[in-house]
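Student: Listed below are the residues making up each chain.
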Amino acid sequence: MDDVLVKKEELIEILESIRPDIDFQTAKGMIDDGILDSFDIISIVSEIDETFGIYINVADLVPDNFNTLEGIHKLVEKYKA
Amino acid sequence: MNYISVYFIAFLTVFFAAYFLTPKKFRWIVLLAASVFFYLYSQISLAVYIVVTIVTVFFGAVILGKINASLKVSLEKKSEEQMPRDDLKALKKKLTKKVQNQKRIVAASVIIINFGILAVMKYSGLFTGFADLILKRFDSARELQPLNIILPLGISFYTFQSIGYLIDVYRGKYPPDKNIARFALFVSFFPQIIQGPINRYDQLAHQLYEGHPFDETRFKMGAQRIMWGFFKKLVIADRAAVFVSTFNADPHSYTGFIAAVSVVMFMIQVYADFSGGMDISLGIAQCVGIEMTENFQRPHFAASIGEYWRRWHITLGAWMKDYLLYPITFSVPFVKFNRFARKKLGLYFGKLLPPCIAMGVVFFAVGIWHGSQWKYVMFGIYNSVLVMFEIIVIPFIISLNEKFKIVNTKTLSWKLFLILNTMFLVFIGKYFAMAPTFSSAVEYIKMTVADFNVLGLFNGSLYKMGLDVNNFNLLIVSVLLLFCVSLAQERGIRIREVFNRQNLVFRWIVYIIAVFSIIIFGVYGRNANAAGFFYGGF
Numbered sequence: 005m006d007d008v009l010v011k012k013e014e015l016i017e018i019l020e021s022i023r024p025d026i027d028f029q030t031a032k033g034m035i036d037d038g039i040l041d042s043f044d045i046i047s048i049v050s051e052i053d054e055t056f057g058i059y060i061n062v063a064d065l066v067p068d069n070f071n072t073l074e075g076i077h078k079l080v081e082k083y084k085a
Numbered sequence: 378m379n380y381i382s383v384y385f386i387a388f389l390t391v392f393f394a395a396y397f398l399t400p401k402k403f404r405w406i407v408l409l410a411a412s413v414f415f416y417l418y419s420q421i422s423l424a425v426y427i428v429v430t431i432v433t434v435f436f437g438a439v440i441l442g443k444i445n446a447s448l449k450v451s452l453e454k455k456s457e458e459q460m461p462r463d464d465l466k467a468l469k470k471k472l473t474k475k476v477q478n479q480k481r482i483v484a485a486s487v488i489i490i491n492f493g494i495l496a497v498m499k500y501s502g503l504f505t506g507f508a509d510l511i512l513k514r515f516d517s518a519r520e521l522q523p524l525n526i527i528l529p530l531g532i533s534f535y536t537f538q539s540i541g542y543l544i545d546v547y548r549g550k551y552p553p554d555k556n557i558a559r560f561a562l563f564v565s566f567f568p569q570i571i572q573g574p575i576n577r578y579d580q581l582a583h584q585l586y587e588g589h590p591f592d593e594t595r596f597k598m599g600a601q602r603i604m605w606g607f608f609k610k611l612v613i614a615d616r617a618a619v620f621v622s623t624f625n626a627d628p629h630s631y632t633g634f635i636a637a638v639s640v641v642m643f644m645i646q647v648y649a650d651f652s653g654g655m656d657i658s659l660g661i662a663q664c665v666g667i668e669m670t671e672n673f674q675r676p677h678f679a680a681s682i683g684e685y686w687r688r689w690h691i692t693l694g695a696w697m698k699d700y701l702l703y704p705i706t707f708s709v710p711f712v713k714f715n716r717f718a719r720k721k722l723g724l725y726f727g728k729l730l731p732p733c734i735a736m737g738v739v740f741f742a743v744g745i746w747h748g749s750q751w752k753y754v755m756f757g758i759y760n761s762v763l764v765m766f767e768i769i770v771i772p773f774i775i776s777l778n779e780k781f782k783i784v785n786t787k788t789l790s791w792k793l794f795l796i797l798n799t800m801f802l803v804f805i806g807k808y809f810a811m812a813p814t815f816s817s818a819v820e821y822i823k824m825t826v827a828d829f830n831v832l833g834l835f836n837g838s839l840y841k842m843g844l845d846v847n848n849f850n851l852l853i854v855s856v857l858l859l860f861c862v863s864l865a866q867e868r869g870i871r872i873r874e875v876f877n878r879q880n881l882v883f884r885w886i887v888y889i890i891a892v893f894s895i896i897i898f899g900v901y902g903r904n905a906n907a908a909g910f911f912y913g914g915f
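Quick note, the sequences are listed as chains C and D, same order.
Each residue of the first sequence is one higher than the one before, counting from 5 in our numbering.
Each residue of the second sequence is one higher than the one before, counting from 378 in our numbering.
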């Protein structure tokens with residue numbers, strides 16, 4: 005894998021600092037199944053915005069983008085590009 | 378035009394006929410013509426304001442759309458040029474920043490113009506009040522005349538709906554509308570103009586522009602919903618209103634118990650009035666194949682204040698979430714605050730405190746959305762505090778409960794307790810909505826506590842509030858009917874579908890009873906505001 009803009013490990017570190025009880029590598033349907041609540045999303049997005057110097061558009065706050073680690077990773081990479 | 382009038386029925390008949398007789402391609406024009414007619418009939422002199430909104434937002438969005446599109450093209454062009462990775466990124470960032478500032482200026486101007494108009498219309502009373510206080514110091518003889526402004530029809534609703542569209546275009550959610558006539562229809566569509574719902578462009582616009590075929594079942598369901606709305610409004614709401622206004626006319630001649638009952642009556646009045654109006658509006662739209670967003674979801678079954686506000690005036694709450702709460706929560710200062718809070722206050726408080734404060738601001742906004750009077754400020758603060766308390770404290774209590782198993786939260790009795798508790802909290806808040814002023818609200822609360830004469834239930838005092846025994850009992854029976862229907866709906870029963878499966882004779886008996894009930898038992902003559910609805914005055 006070349007040209008990864010954002011390291012997955014860095015992302016996992018951020019996510020685990022907010023919800024240390026979740027195994028983000030394997031979790032699926034985190035929004036749909038209510039594993040992450042809206043306050044988690046606010047903290048996660050805030051931390052991601054700060055760390056990576058991006059500003060995630062409110063229009064992108066949809067379940068598909070936050071259900072899995074891959075979804076979040078893809079979203080962040082989209083903004084970094 | 379008052380919904381409660383023969384003229385409106387006549388208007389609807391002509392409207393439906395015109396819609397379905399026009400070729401599909403031009404049906405949206407019928408909608409526009411009907412909406413223009415409806416608006417001008419109600420209020421020709423103030424129509425200039427909605428026109429200003431339509432024009433400024435339309436062109437603002439078109440400009441934003443152009444900026445968005447040309448930025449995309451520029452960025453793509455730059456990507457094709459040969460240059461080192463980091464240089465490319467820096468260049469893109471600079472371009473985006475420049476464009477961002479242009480967009481901000483455009484959006485801010487449109488928002489300031491429109492919310493400015495709204496603010497002056499709704500809150501000028503505040504300023505003339507303050508100015509008056511100051512003037513009196515220098516010259517007690519002079520008095521500033523309050524502007525006593527009649528609000529343009531639907532201004533609080535169509536302003537929010539249009540600005541929501543503008544912000545969506547700003548965010549690149551969808552391209553702007555290219556046709557100002559079509560956009561005018563989106564803003565002024567008459568079923569939503571009096572008191573909402575506050576619809577979203579991506580959900581409503583295409584439905585308006587597509588011509589819909591006549592569908593017998595759908596038309597029937599729409600008509601039934603309209604009838605149900607009239608029942609709620611004329612038989613329940615306007616009847617309960619008599620009780621409330623009788624009390625307000627001379628509050629000190631009644632007991633504290635009656636004060637409390639009046640607040641309950643007010644709750645019934647406003648719910649039946651507002652949700653009944655929604656039934657009429659959504660029913661009309663349904664008849665022509667348009668599905669607008671629901672604005673109510675049986676708020677009396679809410680198990681928390683947070684949930685109550687997701688079931689009451691749903692579209693206002695949703696608007697506030699998308700266009701006020703999120704921008705605040707994800708603003709730079711708040712994002713920094715979020716990180717700081719999580720570091721200093723630990724994960725629990727850290728993740729809850731920033732959104733909690735943002736929610737507090739939002740509910741304060743919801744309070745003063747109702748008006749500039751102090752009582753609404755109090756109403757806002759009251760709901761704010763309750764919601765903030767729920768956000769911060771409840772998760773902690775839930776986890777405590779899970780550890781120590783104090784209460785079984787899965788039981789019906791517990792759910793019932795939560796519902797009653799929520800209703801009680803809402804009841805207290807309603808003192809500030811029902812009383813004419815903040816100080817009278819406090820008076821009423823004091824009265825209720827000091828003089829809660831429950832015997833009032835049995836000594837006939839309930840029949841002295843403008844409603845005689847028969848009218849009062851009719852109100853109670855109707856409310857019970859409303860409650861049973863809502864209970865069925867809460868359990869997922871689709872009333873109209875079940876009803877339509879019954880035999881023809883049964884259905885026609887119900888129709889005849891319904892129509893005659895509305896005509897005979899409807900309370901007529903309430904003309905509090907332009908369109909006859911409680912929320913039509915906001």
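Simulated from the structure, these hints should not be mistaken for lab results.
Some clues are possibly wrong.
FRET-style restraints, in silico, Cβ to Cβ [as the list claims (entries may be wrong)]: (1) D/F591 <-> C/A63: 42 to 48 Å; (2) C/D64 <-> D/L510: 45 to 51 Å; (3) C/D64 <-> D/A467: 43 to 49 Å; (4) D/Q459 <-> C/A63: 28 to 34 Å; (5) C/A63 <-> D/V846: 56 to 62 Å; (6) D/P590 <-> C/A63: 31 to 37 Å; (7) C/Y59 <-> D/N830: 58 to 64 Å; (8) D/Q479 <-> C/D64: 20 to 26 Å; (9) C/Y59 <-> D/I769: 26 to 32 Å.
Only part of the chain C face toward chain D is listed, based on derived beta-carbon distances under 10 Å [unchecked claim]: (10) L15; (11) V62; (12) L73.
Below 27 Å or equal to it, Euclidean Cα-Cα: the simulated DSSO-like pairs (lysine-lysine) are [stated by the list, open to error]: (13) D/K471 <-> C/K82; (14) C/K11 <-> D/K713; (15) D/K466 <-> D/K455.
Ideal Cβ placement from N, Cα and C applies to all residues, glycine included.
Student: Hint by hint, say whether it matches the structure.
Tutor: Checked hints:
1. Hint check: D/F591 to C/A63, Cβ distance near 36 Å, so the stated range 42 to 48 Å is violated.
2. Between C/D64 and D/L510, the C-beta spacing of about 48 Å keeps the proposed range 45 to 51 Å intact.
3. A beta carbon spacing of about 24 Å between C/D64 and D/A467 contradicts the range 43 to 49 Å that was offered as a hint.
4. The hinted window of 28 to 34 Å between D/Q459 and C/A63 holds, with their beta carbons roughly 33 Å apart.
5. Between C/A63 and D/V846 the CB atoms are about 57 Å apart, so this pair conforms to the stated range of 56 to 62 Å.
6. Under the hint 31 to 37 Å, the C-beta atoms of D/P590 and C/A63, about 33 Å apart, fit the expected range.
7. Between C/Y59 and D/N830 the beta carbon distance is about 59 Å. The supplied range of 58 to 64 Å therefore holds.
8. Look at D/Q479 against C/D64: about 22 Å separates their beta carbons, and that is inside 20 to 26 Å.
9. For the pair C/Y59 and D/I769, the beta carbons lie near 27 Å from each other, so the given range of 26 to 32 Å is met.
10. Annotation: interface hint on C/L15 violated; nearest CB of chain D at approximately 16 Å, more than 10 Å.
11. Annotation: C/V62 was flagged as interfacial toward chain D, and the flag holds, the nearest CB pair being 5 Å apart, inside 10 Å.
12. The interface hint given for C/L73 is broken, as the beta carbon of that residue sits about 19 Å from the closest beta carbon of chain D, more than 10 Å.
13. Proximity of D/K471 to C/K82 is assessed by CA-CA distance (about 18 Å); at most 27 Å being required, the pair is judged to hold.
14. Straight-line distance between C-alpha atoms of C/K11 and D/K713 comes to about 23 Å, which keeps the hinted pair within the 27 Å bound.
15. Taken as a hint, the D/K466 and D/K455 pair is honoured in the structure, with Cα atoms around 10 Å apart against an allowance of 27 Å.
Violated hints for the displayed structure, listed by number in ascending order: 1, 3, 10, 12.
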